[in-house]
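**Q** The residues making up each chain are set out below.
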Amino acid sequence: MNNAQVEIQLIASLVAIACAIPGTFLVLRKMAMISDAISHSILPGIVIGFFITQDLNSPILILLAALTGIITVVLVEYIQKTGLVKEDTAIGLVFPILFSIGVIMIAKNANDVHLDIDAVLLGELAFTPFDRLIWFGTDVGPKSLWLIGGILVLTLVLLFAFFKELKVSTFDEGLSASLGFSPILIHYGLMSVSSVTTVGAFEAVGAILVVALMIAPAASAYLLTTNLKKMLLLAVGFGVFSAISGYWLAHTLDASIAGSITTMLGLVFLLVYLFAPSKGVIAVLYREKQQRTEVSLLTFLLHLKNHDELEERHVNHLREHINWQKVRAKSVLDLALKNNMIVINKNIVSLTEKGNTFTTKAIDYIITNKDAQIEDMKDDFFLFRG
Amino acid sequence: MSNPIAIKVDDLTVAYNYKPVLWDIDLEIPEGVLMAIVGPNGAGKSTLIKSILGILKPIAGSVSIYGKPYKKQRDLVAYVPQKGSVDWDFPTTALDVVTMGTYGALGWIKRPGQKEKKAALEALEKVGMLPFKGRQISQLSGGQQQRIFLARALVQNASIYFMDEPFQGVDATTEIAIINILKELRKAGKTVVVVHHDLQTVPEYFDWVTFLNVKKIATGAVKDIFNDDNLTKTYGINFKVSVNK
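Sequences listed follow chains G and B, in order.
Numbered according to UniProt numbering, the first sequence spans residues 1 to 386.
Numbered according to UniProt numbering, the second sequence spans residues 1 to 245.
Note that these hints are calculated values from the structure, not bench results.
The structure presented is a predicted model; accordingly, all values stated were derived computationally and were not measured.
It is possible that part of the hints are untrue.
Straight-line distance between alpha carbons at most 25 Å, and here's what the computed DSS-like set of lysine-lysine pairs gives [as the list claims (entries may be wrong)]:
1. LYS183(B) - LYS126(B)
2. LYS229(G) - LYS133(B)
3. LYS83(B) - LYS86(G)
From the derived model, a few chain B residues whose C-beta atoms are all more than 10 Å from chain G [as the list claims (entries may be wrong)]:
4. VAL21
5. LYS115
6. ALA119
7. GLU122
We treat Cβ as the ideally placed atom computed from N, Cα and C, and that holds for glycine.
Start from the sequences, fold in the hints, and give me the full structure.
**A** This is the structure:
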């Protein structure tokens, strides 16, 4: 690895961390789309800032562009408040207009502006090491690195200082307001950080990847944990992993770095979506299957308890009486046997003492409407559960 | 009642998009009562609580808690929002939600420590939820979630409690457990204000009641004013409930 490669990966990783933090709260607040809006509508801010400063890394440009982000949020909320359109419609109305204003401004000044549409959409991560920060005559690294590093430090300081406030206002706005932590203030604080981060990440990764870096790591982390701190750490981890693996994917394929990082983000989410231990698709399907079997077993035991007649309890007749397919009937019978719920004597099925106690309790809970307790009870009785 | 006035509402009017939801409400709630706010859907019951707590801005009128504006009396007040107003899939545990009740006393930036955690555990114990402290909140039943919310209010150790439909979607056991805790609060001299739907249980649970339908219809002791006349005025149809006196 040469120096430029290390620098690119470092910048990509810092961008990923800086995006994952506000992204986690946006996902939890169901505001993922607002990051899409911000990332597009800051364009006119960036162009105007560039006219003034002629430097994409100037703090004035960052502030101007971040201000456009805040204006977007305010406009969306204003349109939404009229009650004439819903929030998603309001977002869809505001950001394309602001974005196109930016596009027209670039096109009209194409000759003397060092900005083009491709760079706006996908960023120029590969070129970031060329723009160096010279401090007292010494080369201290790429400007982008210092810019995004500074934004990250700011984000971290705010996160540590206001973690409790962010949490309570995200979870329960009403409580937050009644405790004196103004949800509006925290909302705009988060929007400001999101805007500044977006602008900082914009040059490196472009308008489309910024959205992916904010939302995908947080959405993946959300499926894996029930703890906000762990969710933040996981989101950061997924972001950094995608940034570095994406860089090497691009290196191998000789393709766009931004595009490859986004692909990795998508891949990470897909894997988590499929294989997450409790919320993943496979786990959910498995659980549903298990629940179906358990309900069948309970039905079967209740049937046995309800009928003393030998005919109703004969192995060969059971299937007709309960009206199940052969395979299902067999698997339920096996399960009941394995759990010592029943005994089969001369082809007549009877409840064991354990089966009888279980069924009596279950009926009692069902009648008194304490369904939740059946779950705990199953854990006591069933062998096939952990 | 010779008790001091805990909550005083003067000429309160609240509007959504220029349509008044609450109209010129005057209300005095004495200290130490367990009060139900009753009225039909859209009567402004939740709006009244939210306006008292400063969550909604009224277009006219004022509110005071023991003679001072709410902003200066926050530490005297605990609030239990409707259970449906939050996302129960939020990545957090029962204990963490209850700990949020301590945030107000901590103020900005300061984090909860051992003292806050201990208070939260005690509150969980009071509502019978200690065994569930580490459970993710979406894994709790509706009744358990409501108990968690109640515990979060208890941990604030307030003088006045506002609760928005605490009995919605909870089982009978939880309802009795909650009302017993509320009665204990009243016994300890606290003031409890509850938005309530089930008219049948008003005389059994509460000693004070406010009838509300955009305007205030009546307020006072249940034994004096909980009658067919006020119910008819509030709900607009002829009401016949047998009131156990």
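**Q** Confirm or reject each hint.
**A** Now for the hints, and whether the structure bears them out:
1. Under the criterion of a C-alpha separation no larger than 25 Å, the hint pairing LYS183(B) with LYS126(B) is consistent with the structure, at around 13 Å.
2. Simply put, LYS229(G) and LYS133(B) have alpha-carbon atoms about 17 Å apart, close enough for the 25 Å limit, and the pair holds.
3. Proximity of LYS83(B) to LYS86(G) is assessed by CA-CA distance (about 24 Å); at most 25 Å being required, the pair is judged to hold.
4. With a closest Cβ-Cβ approach of about 14 Å to chain G, VAL21(B) is found to remain outside the 10 Å limit, as its non-interface label requires.
5. At roughly 15 Å from the closest C-beta of chain G, the C-beta of LYS115(B) stays outside 10 Å, upholding its exclusion from the interface.
6. Every CB of chain G is more than 10 Å from the CB of ALA119(B) (nearest about 15 Å), matching its label as outside the interface.
7. The beta carbon of GLU122(B) sits about 19 Å from the closest Cβ of chain G, which is more than 10 Å, so the claim that it is off the interface holds.
Of the numbered hints stated above, none is contradicted by the structure.
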